[in-house]
Amino acid sequence: MSAALSFEQAPPLSVPHRFFLTGPLFGVAAGVLVALRGDEVVLSRWSMATFAAVHLVTVGFMLQVMCGALMQFLPVAAGANVWRPRLVAGVVHPSLTLGAVALTAGFLGAGADAMRAAVVLLGAGLTAFVAVTGLGLARSPAIGPTLLLLRSAVAALAVTAGLGVALAAIFAWGAALPLVQLVHLHAAWGLGGWALLLVIAVALLVVPMFQLTPPYPVRFSRGLGLAVAGALAAWTVGVVLDVAALDVVATSFGVGALGAFAVKTLHLQSKRRRKVLDTTVFAWRVGLGCLLVAGAALVALRLPLPALARARLEYLLGVALVAGAFPAMMAGMLYKIVGFIEWLHLQRVMAVPPTMQKVLPDARARWQWRVFTGAVLLLVGGALWPPLARLGGLGFAAACVILELHLISATRLYLRLSAAAALETPATP
Amino acid sequence: MTDLRLDARELLPPEPMQRVMAALPTLGPEDVLTLLLYREPFPLYAALEQRGFTWRTTLADDGTYTIEVRRR
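These protein sequence lines are chains A and B, in that order. Take the first sequence: its position 236, counted from the start at 1, is 236 in this note's numbering, and no numbers get skipped. Take the second sequence: its position 43, counted from the start at 1, is 43 in this note's numbering, and no numbers get skipped.
Same shape as in the complex, but just chain B:
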């Protein structure tokens, strides 16, 4: 199992989305991709759904969203 961490809080759109898309094919069945953002990425959710991934989102008090992405 590998944990990939992508801190995209300081990236301008659409780079966060592009980086996640590039990382998805490398995820193994047990791997987790952890994405950090300052917004909830609904366009990304739609793309994850289509590609067979699940995700869990939490929000910290400082306004950081943590999205954990796994294969379904």
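With the rest of the complex left out, here is chain A:
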């Protein structure tokens, strides 16, 4: 075994992989839905087709990948051991998977029963996930800013899930709740809180580690966390108490934080010492570029606009975040993380495990990145000429199919090599 590396803290490979292998399938479904009903998606953020497409990506794809990655990431990044990871994954993964299916079906006309099932499944799965990861993070001995960001991200997930359950209760039981305000809060806490904070927390570790860039300064990282928290607090109080002035505060803090994070990361990447320009760097650039577009759209939406322009800008904001920024960075990281995790596990059983490059060659990631980027450009173009959104949906589905096939291929390689290694190991008497 090479250098007797110790990774006892890492969960079994099956724990993150079940989430990673499921997520892209929902991405395919989202792309197909946009290909079929793209006109409705461009027309309004309030159409049922839009709700379904957005949640296929956010709950089906992003949440799956983020939960799987977090279970792998917590012990390594924060020394936060996840309690019985195999059992937790065995509960959370099917709950999220079936919950995402039920939620989508509910949006697409399957009725209140589907929404009720979604409430129960997603509520149970996320309660278990937040409890276990929250407990691990509460006990973490980490001293760096990553811990603050991870704790904030998981807290934001809990708030997002609570708001989501309240919203689903409107559809499921006709609960008399303020739908519009809840949607505003749910979207802000989900995308601006949970997703953005988690991406920042992961970036603090993986960008310097895999791309050999200088680190994020500690005060900058803590400042990002505080700015996002400030934005969410101002937004929440503003929406609940209907104080318009707080919208300016929330937008300033929120756009400032995501803009600063994007610009700083691009700057650090420009100073990277690893001269090999692998696809992860490109994927981050697309993701960070989309974050900047989202920031500009958020500011522009504060201007007095005609209804059509406002609807198109809202569509652009949604595409930039839901189809562009987060999936781009997640796919880019998946190609790295999956290769690294498989190497990690194989070096326990093989004298010479295949390198990360052999597990998931960069040429494959590049191929996926090209299709994905083309799809995002088409989806963005849909804001100007809606038929392009349908083509973008097809491209998004294709990119997710390619990602899924690559992940399956890497998993099969791991299973084949670990089985062969087991055969070669003499049985202990």
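Don't take each hint at face value.
[Stated by the list, open to error] Going by beta-carbon spacing under 8 Å, a handful of chain A positions derived as facing chain B:
no. : residue
1   : V76
2   : A142
3   : R273
Hints in this document: simulated from the structure, not taken from any laboratory. Here the structure is a predicted model, which is why all the values come from computation and not from measurement. Quick reminder that beta carbons are idealized off the backbone N, C-alpha and C, glycines included.
Following the hints, position chain B against chain A.
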């Protein structure tokens, strides 16, 4: 007493871990191995614990973690 210094900030994983593992057997009772990284190495902590070493970690404003490793 010997002070070993390993600046692993510009090394790709798993090289920092491999280098520390290679250096540990050479540490005498009073020696200190000082490791510089841009992240807190929790997998390394577990390995140090198992092998009878202690460590102290500090974080500088620029994001550099300094880990001082000694025999217990």
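Comparing the hints with the structure gives:
1. V76: Holds, because the Cβ-Cβ distance from A:V76 to chain B comes to roughly 6 Å (cut-off 8 Å).
2. A142: With a closest approach of 6 Å, the A:A142 hint holds.
3. R273: With a minimum Cβ separation of about 5 Å from chain B (threshold 8 Å), the hint on A:R273 holds.
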